[in-house]
Amino acid sequence: MTALRAVALEPDKDESGPIDDLTAHPETAPEALAICALMWSRDVSENHRIASTLTPNDFHEPLYRALYAIVQDLILTDAPHDPAGVLDVLVRSGADGHKDALLRRALTDVTTANACGASASDYAGMVLSESYRRSFYDAGVAIMQAAEEAPEDLLFDQLLDIGRAQRTATNRLNQFRRGAAQ
1 MTALRAVALE PDKDESGPID DLTAHPETAP EALAICALMW SRDVSENHRI
51 ASTLTPNDFH EPLYRALYAI VQDLILTDAP HDPAGVLDVL VRSGADGHKD
101 ALLRRALTDV TTANACGASA SDYAGMVLSE SYRRSFYDAG VAIMQAAEEA
151 PEDLLFDQLL DIGRAQRTAT NRLNQFRRGA AQ
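Per our numbering, residue 1 is the first one in the sequence shown, and the count goes up by one each step.
Don't read these hints as lab results, they were simulated from the structure. None of these values were measured; they are calculated from a predicted model. There may be inaccurate statements among the hints.
Unchecked claim - Ranges between beta-carbon positions, derived for each pair:
| id | residue 1 | residue 2 | range |
| --- | --- | --- | --- |
| 1 | 114 | 88 | 49 to 59 Å |
| 2 | 43 | 149 | 42 to 52 Å |
| 3 | 151 | 69 | 30 to 40 Å |
| 4 | 80 | 149 | 41 to 51 Å |
| 5 | 118 | 157 | 15 to 25 Å |
| 6 | 142 | 62 | 14 to 24 Å |
Built from N, CA and C at the ideal position, the CB exists for glycine as well.
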């Protein structure tokens with residue numbers, strides 16, 4: 001895995017352990033830190049800016065993706081988005097049983113990741129940057145797949161579509177870094 005954990009390397013090229021175990025160290029995982037900071041942040045306008053820009057799909061780790069979706073919804077509906085508010089949503093949705101024990105554990109880990117609410121924008125920017133880098137990896141895979149499988153008369157149009165999507169992703173990242181909302 002890269003230093004930013006954006007794109008997993010092949011297992012034989014990574015000596016640091018399991019490549020998809022991002023929840024092993026939530027205190028250093030930008031996704032966990034972003035959620036933690038948002039749960040503790042009281043900057044209403046900045047929280048709304050982050051929640052309107054960052055999407056659950058920007059999170060690579062499925063447990064963090066699910067938690068962020070809850071935090072995002074709470075922020076956008078002006079509901080309490082602290083750990084108790086998130087836990088309340090989980091319990092009311094039936095996540096109090098055994099099947100969602102990992103999700104509740106992830107909430108505990110994220111809650112105690114020790115991120116400062118004032119740093120929510122920084123952590124959100126890191127998550128967005130990692131998502132952006134993964135999108136280039138995915139674009140490369142899509143180009144390779146098109147080269148192998150698509151009819152020749154569609155190849156260039158597919159390449160243009162991929163390029164436009166990457167331009168949109170670039171603009172989204174730059175807009176966030178400038179402090180603008182989506």
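> How does the Cβ-Cβ distance of residue 80 and residue 149 compare with 41 to 51 Å: does it lie in that range?
Replying inline: Given range 41 to 51 Å: holds, Cβ gap about 48 Å.
> Honestly, do residue 114 and residue 88 meet the 49 to 59 Å range at C-beta?
Replying inline: Roughly 23 Å apart at Cβ, these two residues miss the hinted range, so it is violated.
> Does the Cβ pair residue 43, residue 149 satisfy 42 to 52 Å?
Replying inline: 47 Å, holds
> Does the Cβ pair residue 151, residue 69 satisfy 30 to 40 Å?
Replying inline: Since the Cβ atoms of residue 151 and residue 69 sit about 37 Å apart, the hinted range of 30 to 40 Å holds.
>> Range first: 14 to 24 Å. Now tell me if the beta carbons of residue 142 and residue 62 are that far apart.
In response: 21 Å, holds
> Is it true that the C-beta distance of residue 118 to residue 157 lies inside 15 to 25 Å, as the hint says?
Replying inline: The hinted range 15 to 25 Å is violated for residue 118 and residue 157, with Cβ atoms some 46 Å apart.
Hints 1, 5, counting from the list given before, are not met by this structure.
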